[in-house]
Amino acid sequence: MSNAQTSVPPPTRTATTRNLGLIAILGSVVLALLGLFFTAEDVVQGSSVRIMYVHVPTAWVAYLAFVFTAVCSAGYLRGKKHSLNLDRLAGASAEVGVIFMGLTLVTGSLWGRLSWGTYWDWDPRLTTTVFLFVTYVGYLAVRGLGGTQQQRAKRSAIVALFAVIEIPLVHFSVLLWRSLHQEATVLRPNGDVRMDGLMLFSLVFGVAVFTVIFAWLVLHRNRVLALVDAVEMRGIDAALAARHAEGVPT
Amino acid sequence: MSASRIVGVARAVASKDLRIEWRSRVMTNQVLPFAAIVMVLFAFALDNDGILQRVAPGLVWMATLFASLVVVQRSFAVESADSAIDALRLAGVPSQGVYLGKVAALVVQLVVCEAVLAALALILYRVNVDRHGAVLLVTTCILGSLGIAALAAVYGGLSVADRGRETLLPLLLLPALAPVLIGATRATESAFGSDGARAAEGWPWVGLLAVFGAIFLFGGTLGFGPLTDE
Amino acid sequence: MSETSVVDVRDAVVLLGSFPALAEATLTIERGELVVVQGANGAGKTTLLRLCAGLVPLARGTARVMGHDVGSNRAAVRANVGFLGHANGLYADLTAGENLSFWSDVVGASRTEVAAAAHRMGLSERLLSTQVGRLSAGQKRRTALAVMAVRRATLWLLDEPHAGLDAPGRDEIDTLLRDAVAAGATVVVASHELERSASLATRRIEVVGGRIVESGGHS
Chain A
165 MSNAQTSVPP PTRTATTRNL GLIAILGSVV LALLGLFFTA EDVVQGSSVR IMYVHVPTAW
225 VAYLAFVFTA VCSAGYLRGK KHSLNLDRLA GASAEVGVIF MGLTLVTGSL WGRLSWGTYW
285 DWDPRLTTTV FLFVTYVGYL AVRGLGGTQQ QRAKRSAIVA LFAVIEIPLV HFSVLLWRSL
345 HQEATVLRPN GDVRMDGLML FSLVFGVAVF TVIFAWLVLH RNRVLALVDA VEMRGIDAAL
405 AARHAEGVPT
Chain B
3 MSASRIVGVA RAVASKDLRI EWRSRVMTNQ VLPFAAIVMV LFAFALDNDG ILQRVAPGLV
63 WMATLFASLV VVQRSFAVES ADSAIDALRL AGVPSQGVYL GKVAALVVQL VVCEAVLAAL
123 ALILYRVNVD RHGAVLLVTT CILGSLGIAA LAAVYGGLSV ADRGRETLLP LLLLPALAPV
183 LIGATRATES AFGSDGARAA EGWPWVGLLA VFGAIFLFGG TLGFGPLTDE
Chain C
-18 MSETSVVDVR DAVVLLGSFP ALAEATLTIE RGELVVVQGA NGAGKTTLLR LCAGLVPLAR
42 GTARVMGHDV GSNRAAVRAN VGFLGHANGL YADLTAGENL SFWSDVVGAS RTEVAAAAHR
102 MGLSERLLST QVGRLSAGQK RRTALAVMAV RRATLWLLDE PHAGLDAPGR DEIDTLLRDA
162 VAAGATVVVA SHELERSASL ATRRIEVVGG RIVESGGHS
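Residue numbers (the numbering used here), protein chains in the order written: chain A, 165 to 414; chain B, 3 to 232; chain C, -18 to 200.
Simulated from the structure, these hints should not be mistaken for lab results.
Don't be surprised by glycine CBs; every beta carbon is placed ideally from N, CA and C.
Do not take every clue at face value.
Unchecked claim - To give an idea of the chain B side of the interface with chain C (calculated C-beta under 8 Å), a few residues: (1) Arg76; (2) Val80; (3) Ser85; (4) Ala89; (5) Arg133.
What the hints assert, rightly or not - Simulated DEER-style distance windows between Cβ atoms: (6) Asn22/C with Arg182/A: 52 to 62 Å; (7) Asn31/B with Ser105/C: 24 to 34 Å; (8) Glu106/C with Arg27/B: 19 to 29 Å.
Use the sequences and the hints to build the structure in full.
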C-alpha cells in the first residue's frame, strides 16, 4: 500500500560516505598544514594571504552548490516520474550553499580588514555573493511554504531555475557597475595574488578538499530530508486510519 | 495553444486590469502619493541640494522599486479577492496569456509612476534634462519597467496564492531586480547629466536593460503557469 | 461504471498539507445526473469537488473526469468543467456585463452566447451595468453561473451555491440547475440543506470522514 515515493535512499553509513568523510578529514589536516606552515607569505600582504586557502574554496563550493541545485531542479521538472529525491538533493545543496556563502562573505570581509583595514569595499565578486546569499535565502523560504511534497518540489524547482539565471546577470551588472569606478591599481586582497607553485597547488588542493566536504554534507543532509519526508508520509497513513475511524458508514 | 489565443487572452487580461485600475484609482490615489512622499523623505534624509541632484537617478529608481512592490501586490490582490485567478486557471485559460496580460498592465502602471517620479526629480532635486536626455529617459523608463514587471508578475503570482505569503514578495523580488536597478540608474544618470555624464553614454545601458527584460519575460512566460498551478 | 461515466473516482486520497481531506473515496457519476453531496464541515465535500475540477493533486488512487485522467494531467480536464466555490471569481470593480465580456473574450465565446447566458440566468440590462461590488449575494451568484454557462461547461461543480441567499434566491438557483441538466450538463452540488436537496436531486451521496456513502434517493 505504501507509495513508491516514500522509498528512502540507502543509509549513508555506507563505505562510500565513510571513505568520503575520512578523505575530508585527512585532506583538511593536510590543507591546514600547507596553508598555515608550508606555503610562503605574500610579498605585499604578509601572513593574511593565508585566508585565501579557505576563502576561495568556500566561494567555489557555494557556486557549485547552487549550480547543483539548479541541475537537480531541472532534473526534477523534466523527469517523467518527478522524483522527490532530486528535489531533496536540490534543497540540501542549497542549504549547504547558503552556509558556504556566508562563510565566503565572512572570510572575504576579514581578509579585507587584515590586508587593507576595511571590512567591506564593494569588490564585485563579494557584492555579487551578497545578492546570491539573499536570493538563496529566499529560495529556502519558498521551500518552507507548505503544501504537499510534490507541490513544494515543483514550486522550489522553478524558483531555483530563476535564481540560477540571476547568477550571471547579477555578476555581470555588478562588474560593469564597479568598472565605472577607477579601482586602485594596487593589488586587491581578493585576487591578483602572485602565487608560486606550492601556493597554487595548495589552492587547488583546498578546492578539492572543500568539494569533498560539500559532497559529504549534502549526502547526509539529503538523508535527513528523506527521513523527514518519510515521517510525514507515515503520518499520513496514520491520519488516513484516523479519518476512516471518524466516519461510520451506514 | 495557439499564439493568437495567447495574445487574445493577454489583451483581455491587460485591458481588464487597466479598467479596474481606472475605476478604483488605487494607483493615482495611493501609489503615486506614496512614491511622491518617498521622494520628499529622501530630501529630508539627505539634506543637501548638491548631493540630491547628483544621486537623483538612484533615488528615482529606488522609489520605483518600492512602488512596484505595492503595485504588484495590488495587481494580484485583485485576482485573489474573489478567487478569480483560480477561476482563470480552472477554465483552462492559457497561463502564458494571463502572465503577458498582467505584465503589460504592470508596465503601463509603472511607466506612469516613473513619469511622475522623474517630474518630481526635475522639480524637487533641480535636475535638468535636455531633448537628447529626454529620449533616453523615456526609453529607459519603458525598458526598465518591462524588466521589473516581467519578474514582479512571476513572484507576485507565487506570493499571493496563499495567505501569509505576501511578505515573501520583497525578499524574492528586490535582489532579483538588482541588474535592472544598476542598468536603469546608470542610463538615467546620463539622461540627467549627473556627474558630467553625457546622454550618449547611456544607450549601452539601455541595451542591457533590453536584454534583461527579454530574459525575464521569456523565463516568466514559461514559469508563471507551473508556478501558480498548485 | 460505464466507459462513458462523467466522473469515475476510485480510492482517491487528496492531501491538504499532510491532512487527508479525501481518504480513499470512491464515486461514479453518469451523464445527466444531478447529484447532491452532503456531509458535515470538514468531511471533504469541497475537496471532492475540487478534485473533479482538476484543482488539487491526487496523492493516491485514480480519478477520471470526462475521460481525462486527473491524476496525471489536471490541466486537460479543466476546459469542460465549471467550478463555483464559495467565491464567485468575479472582479468587484467591473460591472456584471464587463465581467461576462472578459470571460467570453478569454474563452473565445461570441457576443450572442454571452447574451444568451445572461438571459438564461435572468440578468437584466440594469443588473449588467452595475458594478459587481454593489450586487447582492444572489445576483453575484447568478452572474457567476452565467460565466459558467458562457464557458460551455458540461460538468458543473457547485460548492454550496445556496449559501448566503434568501429563500427566493435559493429557488432561483435550483431552477437554474435543473435547466442546466435539461440542457445536457451534469451537475454536482455540495449542500448543507437537507430538505431542499431532496426535491432537487436525482441522487444523494454523503461524504463522511473523507469517503463516500450513498444515502439513497436514486430515481
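Now for the hints, and whether the structure bears them out:
{"no.": "1", "hint": "Arg76", "result": "violated, 12 Å"}
{"no.": "2", "hint": "Val80", "result": "holds, 7 Å"}
{"no.": "3", "hint": "Ser85", "result": "holds, 4 Å"}
{"no.": "4", "hint": "Ala89", "result": "holds, 3 Å"}
{"no.": "5", "hint": "Arg133", "result": "violated, 39 Å"}
{"no.": "6", "hint": "Asn22/C with Arg182/A: 52 to 62 Å", "result": "holds, 53 Å"}
{"no.": "7", "hint": "Asn31/B with Ser105/C: 24 to 34 Å", "result": "holds, 32 Å"}
{"no.": "8", "hint": "Glu106/C with Arg27/B: 19 to 29 Å", "result": "holds, 26 Å"}
Comparing the model with each earlier hint shows violations of hints 1, 5; every other hint is respected.
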